[in-house]
Amino acid sequence: MLFDIIHDTTYKYEEGVTFCHNIAILKPKDILGQKLDSYELNITPEPASFSERTDYFGNTITRFSIQSYHKELKVIAKSKVNRSFEKERQIESDDKAKALTLNEVCELLKGVDDAVLDARQYQLESVLINKIDDKIKAYAEESFQQDRSVYEASYELMQRIYDDFEFNTEVTNVATPISEVIKNKKGVCQDFAQIAIACLRSVNLPARYVSGYIETLPPPGEEKLIGTDASHAWFSVFIPTFGWVDFDPTNNQKPKNQHIVVAWGRDYYDVAPLKGVLFSSGKSELTVSVDIRPDPSENTLLNLNQQQQQQQQ
Amino acid sequence: MNLDSNDIFKGYGDDLKGYDELINTDLKINENWTRLLDNVQSIGAEELDQLQSEIDWLMAENGVTYNVYNDPNGLNRPWQLNAIPFMIHEKEWNVIEKGIQQRAELLNLILKDIYGERKLIKDKIVPPEVFYEHRGFLRQCDQITYTTAKNLLIYSAEISRGPDGRMWIVNDRTQAPSGMGYALENRFATSRIASDLFQDIHVKQPSSFFSDFNKMLVQAAPSNVENPNIVILTPGPHNETYFEHAYLANLLGYPLVKGNDLLVRDGFVWMKSLQGLKKVDVILRRVDDVFVDPLELKEDSFLGVAGLLEVVRNNNITVVNPVGSGIIENSGLVPFMNAICNYFFDEDLMLPQIASWWCGQEKERKHVLKNIKKYVVKRIDRSNRESLYFCEFLSEDEIDILKAEIVKNPYRFVAQEKISFSSAPNYSEKNIEPRKVVCRTFSVAKDSGYSVMPGGLVRVASERKELRVSNQRGGVSKDFWVISDKKQENIQQYTWNNSKGLKAIDMNDLPSNMAENLFWSGRYLGRAVVTSRFLRTALSSINNQQYNTRKSDSEVLTLLFKAVTNITSTFPGFIGEGSEEVLKNPLKELQSLILDRDRIGSLAQTLESFNNSYYTLRNLWSKDMWRVFDSIKKLWSPYDKSKKYSVQGLIKLLDKTISRLIAFMGLIEESIMVDQGLLVYFIGLQMEQASMNIAKSRSLIVFNYEEQLNYEVLEALLNSHESLNIYRYSYQSYLGLENVVKLLILDKSYAKSLCYQFNRIKKDIYRLPIPEKEEGLIECKSKITKAFELINNIDAEELLVLNTENTFRENFEATLSELSDLLHETAILMSSTYFDHSFQQTQMVQQKIEI
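Those sequence lines, one after another, are chains P and D. Under our numbering, the first residue of the first sequence carries the number 15, and numbering increases by one thereafter. Under our numbering, the first residue of the second sequence carries the number 23, and numbering increases by one thereafter.
Just chain P, with the same shape it has in the complex (with noise of 0.2 Å):
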């Protein structure tokens, strides 16, 4: 499937800026299954630097500085991707990993190729996803025991934080201890992934955090999927032997052609799509709005898909 996606931040300043630096994380990953036919990022005003680099995580960091004095700036992002998941592999079909129990897993991490190397360090805590309670973990335990198949718990984790979670855009922001949405079971896609996260976590399971976008508008026939503000965000397990499995909590199902990867890292605070320090002395406003369409010359019959969130702060 082939969409066009476009990413418009919009930070409007009181005041106005006599300069910023910042910092963007909005380019669609190249990998498989998910071709990044074209990408371009326009930022107005001009920037006086502009840098890309690929990050610690192998996401990719878009930096730049913008030197004269400003009242508006605006970040777009417009993305051409072609999602065809089909081309994954798919752990259904691997019957050995699907079964490894929790045990097993745990075992298999003590290991030392390249690949757990780096899975190990996901099973830490992070920035955001600290201090990982009892609540949390008697939570997890419900789905992980040490003799059951980690796909499978996880795949109930993920339906468990679908019907126990409430989709609230009012109570949380990015800064939200998990504590606390644990405790109320409300929240966001970020929210509960990192729920998610922190639950795999606290049976030493290796789990990242994926940030991207999600097409919300199905073809007919299908139920309607729920997005939050202008990115989405799910999770991931690390199964030795197999590799990463995405779970998507905030839709109950595991991630497929309308999910579109931007990055992954240990929680939201690696991947935040737009970030900056600025020399101001007024207040701001922010407004986002992702819209995805199915690329009409591929997909004429399917009804032109929007999407407008606002948010302010």
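Hint data in this document are derived by calculation from the structure and do not stem from the laboratory. Computed from a prediction, not measured in an experiment: that's the story for all the values here. Certain hints may be false.
Covered stretches of chain D, as calculated for chain P (at least 3 residues, CB under 8 Å) [said to hold, decoys possible]: (1) 136-150; (2) 500-512.
Taking beta-carbon pairs under 10 Å as the criterion, some of the chain D residues facing chain P (in silico) [said to hold, decoys possible]: (3) E155; (4) D288; (5) G329; (6) R335; (7) N337; (8) Q862; (9) V867.
We put the beta carbon where it would ideally sit given N, CA and C, even for glycine.
Place chain D on chain P using the hints.
Chain D only, in chain P's frame:
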């Protein structure tokens, strides 16, 4: 030799436990110390006590301080240096030095590897969690390569003597190690005062180390930079070792800057100086890793420079030590160090380390959990102030909590054997007694290896029985002597300051923060002097009143009191609502205006503001300045606003304050160069004095009084202006308004006249560096020129014309008001041109994330 024959050391060995530096296990005196013992014996107990007091005095005099967090005394706790040094013979030191060099090389390779190939992990030398679980592992620094030969440029090893008599590594400090400045100041102090102790003892000097240190900084500059611009980045005056930051800036001759003095632009780091932006090549930082770049690291840090890390990545600046070096301050590495050493060098570690068990390994964890009470447990990345558990002192409950924590996050903890380190002689209350010591050593990268300072900084436990040694707890320090059998050169000041490649800082390069502080120092100092003198005049008038019963006396008093409120802007005071009550007991209000530091406009508050802005400039201080500064603080310390003081008592305080402030002003003029920013100070000082003189005149002499009252007002005005004698000399006549105005306002050559002050401000502003954007300065110049032209062309007679009711001099008031406005506008323009901090650094996304 026997200790009993030495009076001062009597009782030293009475309850010795563990290894002692002075007394060997066979109860013989360590012969390295005999000469010092003899020297101590020959100067005698009295003299030694005297010597210690002199050292204390010198340290206080020189303003050597160490700030202790959460200490009610706040800033400026005097640094304590014990008269008795710590000693090691060169022969032993050479072995230690080699061991430190080996460890520095090793840590350098670990640092390079962990942000590079990570072979230590891939080749299974170190489990990955030793790094991954350490908060100092900054993924943002991954794969950065440097132009310097070494990644680790400064290394500080803490060493202590273990029970086996060898020196052990206790800690590694690699982010921004502090202490070398204190070590040097300790050496200066002992050399200056305790030369009798040095008699026939040859102590190695750190001069060549500091020369190497400077060379390292110069060579650290990105390639192709010849005369590099080097700055020292400090978190600011509230940091515990701010003294040292200022001290090193002074010693090495580099600007001391705070984060907001620097900015990233066009791919480089720039310093905001008076003239504009100046490119920076090397940052010697005293700010911890995560604080240096709010863009990529700790987002709410105000101590760093946004975008710095990207400039580092592109090799357009060198940060010393590199950002991310905190990862090797890692006690989780200890159990693997020997294996790492063999991996890289095919040899064993030379210096022993404390036996440690990293809880990330199953066998080790089980062992620790079983024997936990024997151990000291800490986080592998503990900073100084958290998560250090002396398990033997913990309750059962606390042990259980700790154990659960270890089981939950095993990779995070390391258990270390509890070691009783050696004790060394320490002078304490007329006795010499054994105290535990820890030595901090310093190394810097040099050509192909590391240069180690001979000696270092020795810290002493605060109690005889105390096991822990830490400056945070207010410990004592010692000079560290590496003694040689050969004669050594005496320490020389500034020998490392080889002129090659170094140039003095000129005013163009003055960091704008420092310039702003100089400006405000001038303003506060001016305000303090004028306020003190005026308050003194008011108090003296109260004093005179009791010998006088004339009506006009109480009138003149009322006028003076009202003027006090006016010039200090402490309304309502003697003027606004409730002033009648206040006027009934004027002493209470005057005392409050002197002593109440919570009151804005009071003298105490002005002095405190002066104190604060001046303290941030301490790299410009001369020792004489510190002494006078300190004497003002001492003078004020016994005064308490809740007590009642007599008029005489308050006058005495003001007298002393004024003479010390004047002495201080004199010292500033002779100790700071115009190019160092004296000009900016002068502008601040003159502006404040001028504006207060205008305020005085406006509240006292624009009104018309009857003759007697007029006389008394003029006398008080001249008095408060310290100009009565000059007036008599100049006019030799009865006090008359026109002559007073001619002297205090219009005189062109009298330094205290308003006209002269305006002229001086104008001249100084014209000497300021021309900034990149010149408009602000041009406008500033035009305002002050207008003000000067105005005052310079005044006709006295016309100025003093009375209104039709004969009560008020409208022209005079209008002129003063215009002068006051122009002066105010000039000050604002100057601030916005040169000290523009109005735009605050903020986060685009406001969030509180702790990393």
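Violated hints - listed by number, lowest first: 2, 7
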